[in-house]
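Q: Start from the sequences and build out the full structure, keeping to the hints where you can.
In this note's numbering, the protein residues as written are 12 to 207.
Since the hints were derived computationally from the structure, they do not count as laboratory data.
There's no promise every hint is true.
[As the list claims (entries may be wrong)] Restraint ranges, calculated between C-beta atoms of paired labels, are given here:
hint	residue 1	residue 2	range
1	Thr70	Ala117	14 to 24 Å
2	Met71	Ala163	40 to 50 Å
3	Asn154	Gln95	19 to 29 Å
4	Pro150	Asn67	29 to 39 Å
5	Ala92	Gly180	18 to 28 Å
6	Asn67	Asn161	30 to 40 Å
7	Asn134	Val169	24 to 34 Å
8	Arg207	Val62	39 to 49 Å
[Said to hold, decoys possible] Under the rule of at most 30 Å between Cα atoms (straight-line distance), these lysine-lysine pairs were calculated in the DSBU-like manner:
hint	residue 1	residue 2
9	Lys152	Lys187
10	Lys162	Lys178
11	Lys152	Lys167
12	Lys167	Lys142
13	Lys178	Lys159
14	Lys133	Lys178
15	Lys145	Lys167
16	Lys178	Lys74
17	Lys152	Lys162
18	Lys145	Lys159
19	Lys167	Lys74
20	Lys145	Lys162
21	Lys167	Lys187
22	Lys142	Lys74
23	Lys145	Lys133
24	Lys133	Lys74
25	Lys178	Lys167
26	Lys187	Lys162
27	Lys142	Lys152
Model, not experiment: these values are computed from the prediction.
Where a beta carbon is used, it is the ideal one built from N, C-alpha and C, also for glycine.
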Amino acid sequence: MKKVSYLLLACLMATSVFVASCSKDDDNNNTSTPTPTTPSLYDRVGGTTMVNDPNNPGTMIEKGRLTLRAVVDSSILVIAADAQLAPYFPVLFAELGNNNTSGLVALSENFTDFMCVATGSKNASYGYTGKNMKDAHDPAKNNRMGMKANKADFDKFVGDIGIGLAKNGVTAQNNKQLVDDLVALLYTTEADIVQR
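A: As C-alpha cells, then:
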C-alpha cells in the first residue's frame, strides 16, 4: 500500500510539473499574441469604406453594399432572362410588362439587404426585414412566387448568381476563394428554398 501511495504521489508531481511547464511563456513574457481575425465576406467585397453611389449622385454608400448591390442587380437580369427560372416570377414579369418597376426595386433592395447581413455587414441600416427564406419561397405564403423550387432550379439560380459575379469582375479565375465562399453562403439557404 505504501508503494502505491508513493507511486501515486510521484505521478501527481510529474503531472503538476508537466502542466505548470505548459502554461509558462517561453520568453517569460506574459503578453499574449493577438489571434488574427479573418475578414468577413462583407469586408472582402469592400467593407465599410465609403464611396460615391453611382445610382444616387451626391450620396455615399459602403463599398461592400455597393458591390453586393451591383452583383444582385446583375444577377436579377441574368435570372430574368433565364427561361428555366422565369416561371418563378410571374408577378414581377407582369409588373415589368406594365412598366411598373416597384417590385423589381423591392426585390433588389431586399436581396441586397439579405446579402449584406449574410456576408457580415454590421451596418444596422442594412438589416434584412423581409420574410424568412422558407416563407419567401413558398407560393402559399408569398403570392409573388410562381411555384416551389426544386434542386435543379436552385443550382441554376446559384449558377446565375455566379454569372452576376462575373459581370462585376469576380470570377473563379481571379478570386476563387471569394467565389467559393459566396457560393457556400448561398447553399446555406438551400434547405429552406428547395421545397419540392
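Q: Next step is simple, just say for each hint if it's right about the structure.
A: Going down the list of hints, with the structure as the test:
1. Thr70 <-> Ala117: 14 to 24 Å: Holds - the Cβ-Cβ distance for Thr70 and Ala117, about 19 Å, lies within 14 to 24 Å.
2. Met71 <-> Ala163: 40 to 50 Å: With Cβ atoms ~41 Å apart, the hint holds.
3. Asn154 <-> Gln95: 19 to 29 Å: Because 22 Å falls inside the window, the suggested range holds.
4. Pro150 <-> Asn67: 29 to 39 Å: 34 Å, holds
5. Ala92 <-> Gly180: 18 to 28 Å: For Gly180 against Ala92, whose Cβ atoms are near 20 Å apart, the range 18 to 28 Å holds.
6. Asn67 <-> Asn161: 30 to 40 Å: Holds, since Asn67 and Asn161 (Cβ atoms, about 38 Å apart) stay within the stated range.
7. Asn134 <-> Val169: 24 to 34 Å: Roughly 26 Å apart at Cβ, these two residues keep to the hinted range, so it holds.
8. Arg207 <-> Val62: 39 to 49 Å: 41 Å, holds
9. Lys152 <-> Lys187: Given pair Lys152, Lys187 is violated - Cα atoms ~36 Å apart, limit 30 Å.
10. Lys162 <-> Lys178: 24 Å, holds
11. Lys152 <-> Lys167: 23 Å, holds
12. Lys167 <-> Lys142: With Cα atoms ~22 Å apart, Lys167 and Lys142 stay inside 30 Å; holds.
13. Lys178 <-> Lys159: 28 Å, holds
14. Lys133 <-> Lys178: Measuring from Cα to Cα gives roughly 26 Å; hence the hint holds.
15. Lys145 <-> Lys167: 18 Å, holds
16. Lys178 <-> Lys74: With Cα atoms ~17 Å apart, Lys178 and Lys74 stay inside 30 Å; holds.
17. Lys152 <-> Lys162: The hint holds at about 20 Å.
18. Lys145 <-> Lys159: 10 Å, holds
19. Lys167 <-> Lys74: 28 Å, holds
20. Lys145 <-> Lys162: 14 Å, holds
21. Lys167 <-> Lys187: Status holds; Cα separation ~19 Å.
22. Lys142 <-> Lys74: Roughly 26 Å separates the two Cα atoms, so the pair holds.
23. Lys145 <-> Lys133: 24 Å, holds
24. Lys133 <-> Lys74: 13 Å, holds
25. Lys178 <-> Lys167: 16 Å, holds
26. Lys187 <-> Lys162: Distance ~24 Å between Lys187 and Lys162 Cα, so the pair holds.
27. Lys142 <-> Lys152: 9 Å, holds
Against the hints set out earlier in the document, a violation occurs for number 9 only.
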